[in-house]
Amino acid sequence: MRKAVIIGAGMTPVGEHWKLSLRDLAVEALLKAMEDAGVDKVDSLYVGNMVSGPFVEQENLGALIADWAGLGNIPAVKIEAACASGGAAVQEGVKAVLSGLEDVVAVVGVEKMTDAWPSDATRYLAYAADAEWELFHGASFVALNALIMRHYMKTYGYTEEDLALFAVNAHANGAKNPYAMFKRPIKVETVLKSPYIADPLKLFDASPVCDGAAAVIITTPEKAEELGVPKEKWVEVAGMARAIDTINLANREDLLTLKAAKIAAEKAYKMAGVEPKDIDFFEVHDAFTVMAALSLEALGVAKKGEGAKLAREGQIAIDADYPIQTMGGLKARGHPVGATGVYQTVEAVLQLRGEAPNQVPDAEVGLTQNIGGTGSNITVSIFRRV
Amino acid sequence: MARPMQVSRYWRHFREKYRLIGGKCENGHVFFPYRQVCPVCGSKNVEEYEFSGKGKVLTWTIVRNPPSGFEYYKPYPLALVQLEEGPVVLAQLTDVDPEEIHEGMEVEVVTRKVREFEEDGIILYGYKFRPVLR
Ligand SMILES: [Zn+2]
Numbered sequence: 001m002r003k004a005v006i007i008g009a010g011m012t013p014v015g016e017h018w019k020l021s022l023r024d025l026a027v028e029a030l031l032k033a034m035e036d037a038g039v040d041k042v043d044s045l046y047v048g049n050m051v052s053g054p055f056v057e058q059e060n061l062g063a064l065i066a067d068w069a070g071l072g073n074i075p076a077v078k079i080e081a082a083c084a085s086g087g088a089a090v091q092e093g094v095k096a097v098l099s100g101l102e103d104v105v106a107v108v109g110v111e112k113m114t115d116a117w118p119s120d121a122t123r124y125l126a127y128a129a130d131a132e133w134e135l136f137h138g139a140s141f142v143a144l145n146a147l148i149m150r151h152y153m154k155t156y157g158y159t160e161e162d163l164a165l166f167a168v169n170a171h172a173n174g175a176k177n178p179y180a181m182f183k184r185p186i187k188v189e190t191v192l193k194s195p196y197i198a199d200p201l202k203l204f205d206a207s208p209v210c211d212g213a214a215a216v217i218i219t220t221p222e223k224a225e226e227l228g229v230p231k232e233k234w235v236e237v238a239g240m241a242r243a244i245d246t247i248n249l250a251n252r253e254d255l256l257t258l259k260a261a262k263i264a265a266e267k268a269y270k271m272a273g274v275e276p277k278d279i280d281f282f283e284v285h286d287a288f289t290v291m292a293a294l295s296l297e298a299l300g301v302a303k304k305g306e307g308a309k310l311a312r313e314g315q316i317a318i319d320a321d322y323p324i325q326t327m328g329g330l331k332a333r334g335h336p337v338g339a340t341g342v343y344q345t346v347e348a349v350l351q352l353r354g355e356a357p358n359q360v361p362d363a364e365v366g367l368t369q370n371i372g373g374t375g376s377n378i379t380v381s382i383f384r385r386v
Numbered sequence: 001m002a003r004p005m006q007v008s009r010y011w012r013h014f015r016e017k018y019r020l021i022g023g024k025c026e027n028g029h030v031f032f033p034y035r036q037v038c039p040v041c042g043s044k045n046v047e048e049y050e051f052s053g054k055g056k057v058l059t060w061t062i063v064r065n066p067p068s069g070f071e072y073y074k075p076y077p078l079a080l081v082q083l084e085e086g087p088v089v090l091a092q093l094t095d096v097d098p099e100e101i102h103e104g105m106e107v108e109v110v111t112r113k114v115r116e117f118e119e120d121g122i123i124l125y126g127y128k129f130r131p132v133l134r
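Order-wise, the sequence lines are chains A and B. With the first letter of the first sequence counted as 1, position 146 gets the number 146 in UniProt numbering; the numbers rise by one all the way through. With the first letter of the second sequence counted as 1, position 49 gets the number 49 in UniProt numbering; the numbers rise by one all the way through.
One should not assume that every hint holds.
[Stated by the list, open to error] EDC-like cross-link-like pairs, simulated, lysine to aspartate or glutamate; straight-line CA separation at most 16 Å: (1) 74/B x 199/A; (2) 154/A x 103/B; (3) 74/B x 120/A.
[What the hints assert, rightly or not] A few chain A positions that, by computed beta-carbon distances, are all more than 10 Å from chain B: (4) 178; (5) 228; (6) 262; (7) 362.
Because the hints were derived from the structure by calculation, they are not lab data. Just so we're clear, the structure is a prediction, and the values are computed from it rather than from any experiment. Virtual Cβ for every residue (Gly too), placed ideally from N, Cα, C.
Can you make the complete structure from the sequences, with help from the hints?
Written out as C-alpha cells, the structure reads:
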C-alpha cells in the first residue's frame, strides 16, 4: 500500500476576525500550507466545514475556496461531520492519496462563527444534534454536554473542580501558542467563578465561539522526494480511523463511553502498530472539559471513570506522561468547529517537526481525536516523525 | 433568525410527541422514537408501541443560554428521563422548582407548549415531564 506524508502546514490565528471573511481565512491558511510545502498546485482540495450555510449563507465551499486560492479547475468538495469535519477532511485527503487517484492533496478546515448573533450561533451548533428529538426540545449543544458532565461527576464522584483542571492545563499550554485565542493562564477559581451556561457546565468549561482556518498538504514519500521537500518536513500519517455512534444522546447504550472514539482508536492504533503508551502527545477534543476526560478513557490512556484522575494527578501537562492539548486545545486555542480537526493536525505536525512553541521533548508519535456531535461522529489519527 | 417550522414537518410527529409512541421489534426490544429498524437487533419487523409515560430523571441541566427561538422560556430544566420500560427520552421538565430536581426523581409525561413562533407562526406542543403527583 502507498504511504501518506504531510509536507506542508499553515493556519491563521484563532479569534474574532471581524475584518476577515470565511474565504479570506481559508485562502490564507491554504496558501501558507502550500508555501510551507513549496508547491504551487495540487490535484484536489478537501474542505472541512460544519455550518457555513447558516452562519454565512455559503455552501459549495469546494468551488469557492479553490477558485479564490487560484487552484484552477481541480476537484474540490466540502466534507461535513459536525465538529469532526476537519478531522474527517484530513482523512478523506489521506484516503485520496493512499488510493493512488491523487498525488498531492490540499485539505483546509475553516469556520466563520462570529458573524452571527450568539443565540443563533447556539442554534446552528445544535444542528449537530438530532433536530427533531433534541433541538426541538430546546437542547443546546452545551446543554447536552452538561447532561453528560453531571452524570459523569455523579457516577464517579468527581467535583466541578476536578474537571476545571482540564481547562487550566489547556490555558497554560495555549498561553505559549501565538495562534491561540486565549493566551492567558487561568486558575481553577477562574473556572469555578465563571457563570453557569447549563449547570453544572460553566463558561470556562466550554470552548469559545470563534473564527479560524488551518490547512495541510498531503502526498506520498516518493512524490515528496520528487518535489524536493526536505525530509525534516515530512510527517507520516501512520494510522487513522473513524466511527459513529447514535446521533441522539438519549439513545446511547452508555452515556459515559465514547464508543465511536474507542472503536476508531483501536483501529488507528492497529494500523499504526502502536499502543497508547507509545504516543508522546494527544490532541483530544476538549470542546467541554468532561469531553477531555471521556476521550482519555476512550483512547485507552485512562481506565473507565479515571480520565479526570489523570488531570488530578498531574499526568496531562507537557512534561508529564500523557501531555494533552499541547497548543491550548479547543478550550484555549479555540474551536472554529469545522476547522478544529485540521488545527489539531497542523499542531501535531509542528510537534513532530520539533517546531512547536510548546515543544514536547523528543516527540515521535502524536494522536489527534476530533469529536462531532455529542460523541456521534469521531475521528482518530496517528502521526509519526519520519 | 430561525424561520417558523413548516406545519408538515411538525405534524409528522404528532403520535410520538403527543402520545409518546415509539417502536417494538419482533424480539421484544422497545425504543423511542419509532424507527423502521430496531436499534438493538436490526430487525425490520417493528410495530408501534405506546409508553406509559412514567420514568425517572437520569441526569439534568438548566439551560441558561438557549438556542434562538427558546429565549422566552429561559432558564429551563432539561433532562434525560429513563422510562420504566427502559428507553431514555430527552425532554424539558415542567411544574418543578429547579432546587427540587435530583437524579432518580420520579416523573410522568404531560403535554405542554414547547415553542411558539413569531406573531403569525405556529405553536408547537409536545411531551414534557413533571414530578409524579401523589
Ligand atoms: Zn430488536
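Evaluated hints:
no. : hint          : result
1   : 74/B x 199/A  : holds, 13 Å
2   : 154/A x 103/B : holds, 9 Å
3   : 74/B x 120/A  : holds, 15 Å
4   : 178           : holds, 30 Å
5   : 228           : holds, 51 Å
6   : 262           : holds, 18 Å
7   : 362           : holds, 42 Å
The structure shown violates none of the earlier numbered hints.
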